[in-house]
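Take a look at the letters that make up each chain.
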Amino acid sequence: MSQSHRIPGKGLLIDRARPVRFSFDGRAYQGFSGDTLASALLASGTRLMGRSFKYHRPRGAMTAGSEEPSALVEIHEGAQQTPNVRATVQEIYEGLEARSQNHLGPLAFDLLAVNDWMAPFLSAGFYYKTFMWPRAFWEKLYEPAIRRAAGLGSLSGRHDEAVYEKAFAHCDLLVIGAGPAGLMAALIAARAGADVILADEEVRMGGRLLADQPEVGGQAGPDWAAGVVAELAALPNVRLMTRTTVTGAYDDGTFGALERVSLHRAPGEAPRECFWRIVAQRAILAAGALERPIAHPDNDRPGVMLASGVAGHLAKWGVNPGRVVIFSNNDGGLAAARSLTAQGVEIAAYVDPRPIPVTEDFPVYAGAEVVGTRGRMGLKEVAVRHKGGTSMIEARTLALAGGWNPTLHLTCHLNTRPQWDEKIAAFVPRPGAVPGLSVTGAARGRFSTAACLADGAAVVTEVLADLGLRAPDLPVPGAEDRPYGIAPLWAVDAGGRAWLDFANDVTTKDVKLAAQEGFRSVEHMKRYTTQGMAPDQGKSSNVAALAVLAEATGQGIPATGTTTYRPPFIPVSIAAMGAGGRAEGFAPRRLLTSDARSRAMGAPMIEAGLWYRPSYFPRQGEADWRAACDREVMQVREHVGVADVSTLGKIDVQGADAARFLDLVYTNTMSTLAPGKVRYGLMLREDGFVLDDGTCARLGPEHFLVTTTTAAAGLVMRHMDFVHQAFCGGWDVRMSSVTESWAQFCIAGPKAPALLAVLGINADLPFMGCAPVTVGGVRGRLFRISFSGEQGYEIAVPTRYGAALFDRLVEAAQGLEGCAYGMEALNVLRVEKGFITHAEIHGRVTADDVGLGKMVSGKKDCIGKAASLRPGLTEAGREQLVGLMPVNQGEVLSAGAHLYNERDPATREHNQGYVTSVAPSPTLGCWLGLGFLKDGRARHGQVIRLDDGLRGRKVLVEVCDPVFFDPEGGRMRG
Amino acid sequence: MAELIATPAVTGLPLTIGSVRLAAFDPGPVTAIAPYPGRDLSPVLRFPAPGEVIEEGARRLIWAGRGMAFLTGGPAPDLGGLAAVTDQSDGWVWVTLEGRDVPAVLARLCPLDLRAAAFPVGTSARSVLQHLSVLLIRTGPEAFQIAAYRSMAGTLLHDLSGAMKAVAARAAL
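Line by line, the protein sequences give chains A and B.
All the letters of the first sequence, read from the start, carry residue numbers 6 to 979 under the working numbering.
All the letters of the second sequence, read from the start, carry residue numbers 32 to 204 under the working numbering.
Chain A on its own, in the form it takes in the complex (with noise of 0.2 angstroms):
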């Protein structure tokens, strides 16, 4: 596709010794490395670049930069798809595939322009008096529909499996903005010995000196920031980041910014994006202006684009615009006239409101206005109305001027609102808006070249000193100080209608009957129009619309105001700021020292918090889990099983006050407990409900060691250190976690004495003991505890030798008739036995409704005592813990189903508890239940029915003790 809009010699930013195919819809164009997509089609000529969001109207680029609202479109990688990218602002690498977006058929022949011709119908707020009926197709027609035409861009339904990256900075500068202002500021600073990080969001820096190369001290603008980028570049305390859009103003000077890595090149090894969190000491926002359209009718065709953007496209890229039609109403569109046309552009007209007495090169219409424009798939032709009447003038592009709205987002990040400046018609920012940044430059009004590089100057030497830095001497470079004489015209009444923001489809009309409607306020007309909502945020609108709006209600634009201005200032991929966090990223992934070996034997590792345990090991021959799982439990139960149990939590706790401390966070007594024995003990949360069980030992005379659950082990952690600082400040004790310095293991099964001989361990401890031992040359120590119910030990040695004991111990087991048992096996052995784990203990339970009441000692205080004997948590008919054993012995039990009584509705009315754990139980060949009911100690016998309202299952069960098994519990004593 040949190049027939390039200007020879122009093109700060494009390399014609590079050339770059790319495609667009599967059409081939050629290009040059620097170009953007957006450079690049109108350097072939291509003006239209996809369809507008409501009225599917043909549209191209309106600017050059990253305020784009109209070219947008998709980027396809290969199996990735990236919507909603701006044209201006993607760069074209060899191979770049983009399409546009929102149409229907072909670009050139969307069949959802149909929309366009039923805009009448189609006003703002149109759906909330519409689809109404019949009512039933709401659901079945409507809403499908409408999903199905609404949105921009199209998803890929795939993860973004791509690369992205996050990253933390440290300054004491912050400047947001390379133009004239910010490398004046950037390079005081750095001369001072700041630390200073200067970002700007374009490939290089200088800002507008590059769009409108105004002279700077002499030199040619864009050659005078070369040689201050270049000064900076050299200096180590100096921190250059092109590509980089500062995105957020956040508390404690910690600023969020987005960082274009490799999205100009094809995907490869680099990162696509980089999400950067910057924390500054001080901060200086010259992130300069933007210009604003004018709306008149028909201002939305492909062709027509602001000044800054025809202007900027030339300077950087070397695009020809045609003959150009100017419609500005200040000085500095009149100035964009003059300088195209020095650099061989065609003026056709230049068209101002104002009443200007100038003769200029090209023919000027003072005291008119723009009221239309012809030519739907690209500008043909502007209509001019004149003192002389309304002429039809030939062009190709039609440049709007129609003033600058300062930058300055960032400044109302933190709930403030700008304020009305009449002198520029504009807003600037509220001085303080954020504290410690500043504002300069273009950003705060100030518009002409040599106002920019002396506010720069000015305002940087005063934040240097907040930092306690003297500003170096640096004349400020000599530049043109235009006047900025603006009459504000936000609309032009012709007819027709004349679009506000052109990303969501927004016209003066929706605006007006907004407020005919009564959404009086600009909140509500923003949501009520959708202005100002789509992703460019209103960048090129929402002063036009607030002052369309303040002349609908005839409030005055100070008084009608801004809608609040939140982070982020560009639209920022999900998947930058998630970057590292995807699939397994998303949390720390911690491993068993048996972890290799089980993988090894075939088990299927689940989720327990973090960690990651054994399911089950299958053995040949076995279908399914439950072969494996009912196997492993009879192999415990007769022989022998072996179980890695070292994720849970282990706290060593020391000091002469360590006794004293524990008898404060447990329900029950640990002081009495004598050196080489265990207790179970319970922890109440201060709120008086169960916080955790547990198993408490003690080594020592001042030393005890805690176990928790695996999942809340930092949960009981952080309780107790709280209980320590908050309440036993100076008392003797010391806490530290030593899960992860103990391997541990079950031993559990009839043959759990002889498996130990085996390992050269002499089993000789009575219940509830423990007692240091050396196994395999290592010291370790050995508990007996059983969570199995049958004769039990555990066993931890250093966490370095874990592997290596578990593989003795599965081959000691599997020598006795036994196994390795997963965590299947090990929920069925303690649901047998009545066991209580966090499926009971949840957080809504009391000591007393899990059968513990008696474990609350009345001889002492305890955390959560006071609060535990409130009478809500005391009184009768609360839920209690029970076994449940199905009528019909074949009948599955589900965890989480409902208990009723056996003739009442499953309604709310008639909920009597609920299902908390369930398991096949093969020693008693039927599936068991623990759960709550009402009253339950009371109802022993009774049938109640199970209902699972998510599966369909009702089931009579027989209410009974929750421990199933051995209930005297001879079988783990003996």
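Simulated from the structure, these hints should not be mistaken for lab results.
Keep in mind that this is a model prediction, so the values were computed, not measured.
Note that the Cβ used here is the ideal one computed from N, Cα and C, for glycine as well.
Among the hints, a few may not be true.
Stated by the list, open to error - Restraint ranges, calculated between C-beta atoms of paired labels, are given here:
#, chain 1, residue 1, chain 2, residue 2, range
1, B, Arg90, A, Arg435, 33 to 43 angstroms
2, A, Pro241, B, Ala174, 12 to 22 angstroms
3, B, Ala174, A, Glu427, 53 to 63 angstroms
4, B, Val152, A, Arg631, 51 to 61 angstroms
5, B, Thr47, A, Glu816, 37 to 47 angstroms
Unchecked claim - Simulated coverage check for chain A against chain B, where a stretch passes if three residues somewhere in it have a Cβ under 8 angstroms from a Cβ of chain B:
#, region
6, 212–226
7, 596–602
Use these hints to put chain B onto chain A, whose structure you have.
Frame of chain A; chain B shown alone:
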């Protein structure tokens, strides 16, 4: 019964990507020392202030958190009645990160101010690397020792190597 063999905390190291080298580090025995309130430990040892690392020959006392120091390079002295002493030799995985781009690599994972003045050589800090709670010791302008929970060694390796790759890949752009 034959002696049990120890397994290293992390495998697959050393790893060099770009200018940065990640290697396993064995500090030998590690003992956590937590003084009881109001005790003067100076007859036995000088307890480090927050962020301080005290080196005496091969022995190091590293500030490791509120009221806590890690002793490495020597056996635990007798601190009966003065402090709670707990063995932490097996609870942590230790690595070293060295090379010109180390600050850039760490900046991708750690929110601390890593500039020389804010995190001087010979000091320690508790912070996070992505989601991992870590102890950091700066041993040089471009060198750190990092300790994380042993069970999370795989995640530590994954996150650090990912950051190393990301930094190295920028150089090729």
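### Enumerated hints in conflict with the structure, sorted upward
1 and 6
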